[in-house]
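Those sequence lines, one after another, are chains Z and U.
Take the first sequence: its letters are residues 358 to 748, numbered as in the working numbering.
Take the second sequence: its letters are residues 358 to 748, numbered as in the working numbering.
Rather than coming from a laboratory, the hints here were simulated on the basis of the structure.
Just to be clear, a hint being listed does not mean it is correct.
The list treats identical chains as interchangeable, and a pair is accepted whether it falls inside one copy or across any two copies.
To be verified - Below, simulated DMTMM-like cross-link-like pairs (lysine to aspartate or glutamate); rule was C-alpha separation at most 25 angstroms, straight line: (1) 409 / 635; (2) 647 / 402; (3) 369 / 707; (4) 442 / 733; (5) 369 / 674.
2 protein chains.
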Amino acid sequence: MPQFAERISGAKRSFIREILKVTADPQVISFAGGLPNPASFPVAEIAEAAAKVIGESGASALQYSTTEGYKPLRQWIAARYKARKGMDVNPDDILITTGSQQALDLVAKIIVNAGDPVVIERPGYLGAIQALSIFRPDWRSVELMDDGPDLDALDAALAGAKLFYAVTSFQNPSGLSYSAAKRAAVAELLRKHDAFFLEDDPYGELRFSGQDLPPVYAQRPENSMLLGTFSKIAAPGFRLGWVVAQGEIMERLVIAKQAADLHTGSLDQMLVHRFLQDNDFEAHVLRIRKLYGDQCRAMQEAIALHFPKDVHVTAPEGGMFLWATLPQGMDSMDLLKRAVECKVAFVPGEAFHVDGTGGNTLRLNYSNADKDTIHEGIRRLADCMRACLKG
Amino acid sequence: MPQFAERISGAKRSFIREILKVTADPQVISFAGGLPNPASFPVAEIAEAAAKVIGESGASALQYSTTEGYKPLRQWIAARYKARKGMDVNPDDILITTGSQQALDLVAKIIVNAGDPVVIERPGYLGAIQALSIFRPDWRSVELMDDGPDLDALDAALAGAKLFYAVTSFQNPSGLSYSAAKRAAVAELLRKHDAFFLEDDPYGELRFSGQDLPPVYAQRPENSMLLGTFSKIAAPGFRLGWVVAQGEIMERLVIAKQAADLHTGSLDQMLVHRFLQDNDFEAHVLRIRKLYGDQCRAMQEAIALHFPKDVHVTAPEGGMFLWATLPQGMDSMDLLKRAVECKVAFVPGEAFHVDGTGGNTLRLNYSNADKDTIHEGIRRLADCMRACLKG
Numbered sequence: 358m359p360q361f362a363e364r365i366s367g368a369k370r371s372f373i374r375e376i377l378k379v380t381a382d383p384q385v386i387s388f389a390g391g392l393p394n395p396a397s398f399p400v401a402e403i404a405e406a407a408a409k410v411i412g413e414s415g416a417s418a419l420q421y422s423t424t425e426g427y428k429p430l431r432q433w434i435a436a437r438y439k440a441r442k443g444m445d446v447n448p449d450d451i452l453i454t455t456g457s458q459q460a461l462d463l464v465a466k467i468i469v470n471a472g473d474p475v476v477i478e479r480p481g482y483l484g485a486i487q488a489l490s491i492f493r494p495d496w497r498s499v500e501l502m503d504d505g506p507d508l509d510a511l512d513a514a515l516a517g518a519k520l521f522y523a524v525t526s527f528q529n530p531s532g533l534s535y536s537a538a539k540r541a542a543v544a545e546l547l548r549k550h551d552a553f554f555l556e557d558d559p560y561g562e563l564r565f566s567g568q569d570l571p572p573v574y575a576q577r578p579e580n581s582m583l584l585g586t587f588s589k590i591a592a593p594g595f596r597l598g599w600v601v602a603q604g605e606i607m608e609r610l611v612i613a614k615q616a617a618d619l620h621t622g623s624l625d626q627m628l629v630h631r632f633l634q635d636n637d638f639e640a641h642v643l644r645i646r647k648l649y650g651d652q653c654r655a656m657q658e659a660i661a662l663h664f665p666k667d668v669h670v671t672a673p674e675g676g677m678f679l680w681a682t683l684p685q686g687m688d689s690m691d692l693l694k695r696a697v698e699c700k701v702a703f704v705p706g707e708a709f710h711v712d713g714t715g716g717n718t719l720r721l722n723y724s725n726a727d728k729d730t731i732h733e734g735i736r737r738l739a740d741c742m743r744a745c746l747k748g
Numbered sequence: 358m359p360q361f362a363e364r365i366s367g368a369k370r371s372f373i374r375e376i377l378k379v380t381a382d383p384q385v386i387s388f389a390g391g392l393p394n395p396a397s398f399p400v401a402e403i404a405e406a407a408a409k410v411i412g413e414s415g416a417s418a419l420q421y422s423t424t425e426g427y428k429p430l431r432q433w434i435a436a437r438y439k440a441r442k443g444m445d446v447n448p449d450d451i452l453i454t455t456g457s458q459q460a461l462d463l464v465a466k467i468i469v470n471a472g473d474p475v476v477i478e479r480p481g482y483l484g485a486i487q488a489l490s491i492f493r494p495d496w497r498s499v500e501l502m503d504d505g506p507d508l509d510a511l512d513a514a515l516a517g518a519k520l521f522y523a524v525t526s527f528q529n530p531s532g533l534s535y536s537a538a539k540r541a542a543v544a545e546l547l548r549k550h551d552a553f554f555l556e557d558d559p560y561g562e563l564r565f566s567g568q569d570l571p572p573v574y575a576q577r578p579e580n581s582m583l584l585g586t587f588s589k590i591a592a593p594g595f596r597l598g599w600v601v602a603q604g605e606i607m608e609r610l611v612i613a614k615q616a617a618d619l620h621t622g623s624l625d626q627m628l629v630h631r632f633l634q635d636n637d638f639e640a641h642v643l644r645i646r647k648l649y650g651d652q653c654r655a656m657q658e659a660i661a662l663h664f665p666k667d668v669h670v671t672a673p674e675g676g677m678f679l680w681a682t683l684p685q686g687m688d689s690m691d692l693l694k695r696a697v698e699c700k701v702a703f704v705p706g707e708a709f710h711v712d713g714t715g716g717n718t719l720r721l722n723y724s725n726a727d728k729d730t731i732h733e734g735i736r737r738l739a740d741c742m743r744a745c746l747k748g
């Protein structure tokens, strides 16, 4: 058999997707996935938007369209940045992508040569690790603290680095966010080291407590790219995301996008735009924030009641995840084996680390289960932890 | 500014898309695009399918889904191969992609190291040249004759080659198809040289004369990949294509797909499947074949009436394109400049050549204009040719 490309030889299927197969058993309470709650999907509104778009503009909704994306949708995104973050974004600096996962692939493609140093948070987002790893970077990682990255470590890691990838609000997997001070400091370090910056912001709209902060991109747009997605505020099945970038970066992203899939689905773009136009989006997002905020609190309350006291858990102000650190010596893969027997699941944290650490960490998703289920699942998981502690 | 990746430094925007901007003038009769005729889009049927899918399965149509694709759609594709080509394809060997353009990117990603010899037809499909060029192959090309590739040249080119890419039926840009004898010979040569084979078949359903032939893939599935798309038989705006491959190849394609965009749009897949289930697909495809066959004949008749006799034009049995070879010394870029002044457009052929040849060739699309428009456009183009011949 002929040889495959070197870039694919070390690539693995998503560990999470493999775990999700284990949790297909309906008896299992799963905190493993990262799915938005289908109760948050505006199904009736989407049905109405689909009927209108196909009825009124069927030929263009079904035809090839521009690589850059549907202009009215790009204008909506720009207006939203202005309204919510006070940012001036030119709609021409927005490229619609097939989910923000595709933006990760495109950015990696235009920036990463094999062996280029690329910096990521520890823990870091698994989808980005997968997309970027195909282009074989030399990974460096920087510890994520409760208010953002360890700045001294980031300063050291950025020396000679090509790219820094970060999820600055309600990060996946940790739920943590960068403080205003850390955002400013990160922008300063990026300027000092002249590295590309890829800021991923899939959860930014999902804040249920605390104060909104503009992305780091707003302070250092040059050599930076900012990602967004409709997956968490409309529905993920559309595969609709975007990347904000300027000048030469955007020029190259468009070339890479054209080669990757010509353009993102025309009907999906027009349909979501119609949904946004015809409905009260602010009220829709508020409902999602309340839903996830309530479920997050339910999980935090259950954890306070049941978990052993030496398990540390993050306290997010938004997003979909909590992150737990087990006492040293307790392994989350061992815990998962027990947990699956007790009909509860989570994602062990090691997959979110590019340096092989994180064996005593785990991710808990709270967006996709009701309060009673969350309580029961956390109780089961706490029992497994105690069993593990006893050895 | 930090440096971009080497793979993107030489990449260019699609030449065709740049030409299409020139042809935005509604006075221009454009044979430049490669768009399916919107008259062939089943708009009412799609509207009905959308209403049913969102109404009956809204939550799953809007949710994340599997990387491999919607199982019933993969089963439909497998059944169609059986019914139309007599091929036994396991639905598990089909991966749904975001248009077949994405399949080109995924295949290139898992196979092509920088510098690997990759063979393509001369002329060859521009979208494949773009997608593969990002991974920096060492291009080799083999002349496409009226019945398929020059076999001696292919034998020589395949020596030490990693991959052969071919559009075996109604090729873009030439309209040419491989004969039964050439299909068998190509399968034999691929076995001899043990190269990967990427067979692209976007137009296979669009035969309006002659006899259907199974793809080369049917004779040599090992180390081969077969691409298909719904763009020409349903609508391109969905971005729905697929790749057929087995074993380790499929395993790696799924990994690359997961990193590229997680999965193809859930609603698009379910909606197109519903359209296929609820309607007479055979009758639908027959209508497209008749439409394009009539338009192809109209263009051929106009060419016979108007073109200078020393312009050679291919005689396709299906697809969307004719390919013209001008007398030596006449340059199709010069012709295009005149043509745009005369309000008619086409794509100069050089972009379809990886070796810089083809300066006296051009592609004519007949799928997207009615007969009268085709006649008028060909008359204008013929006038420009005569003007060019006079110098």
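Hints, one by one, checked against the model:
Taking the shortest Cα distances, residue 409 and residue 635 sit within 25 angstroms of each other both inside one copy (11 angstroms) and across copies (21 angstroms). Within a single copy, residue 647 and residue 402 get their C-alpha atoms as close as 20 angstroms, which meets the 25 angstroms cut-off; across copies the closest is 38 angstroms, which misses it. Taking the shortest alpha-carbon separations for residue 369 and residue 707, only the intra-copy value of 14 angstroms comes in at or below 25 angstroms, while the best inter-copy value is 40 angstroms. Neither within a single protomer nor between protomers do residue 442 and residue 733 lie at most 25 angstroms apart by alpha-carbon distance, with minima of 38 angstroms and 54 angstroms respectively.
In this assembly of identical chains, the alpha carbons of residue 369 and residue 674 never lie at most 25 angstroms apart, being 32 angstroms within a copy and 43 angstroms across copies at closest.
In summary, the numbered hints that this structure violates are 4, 5.
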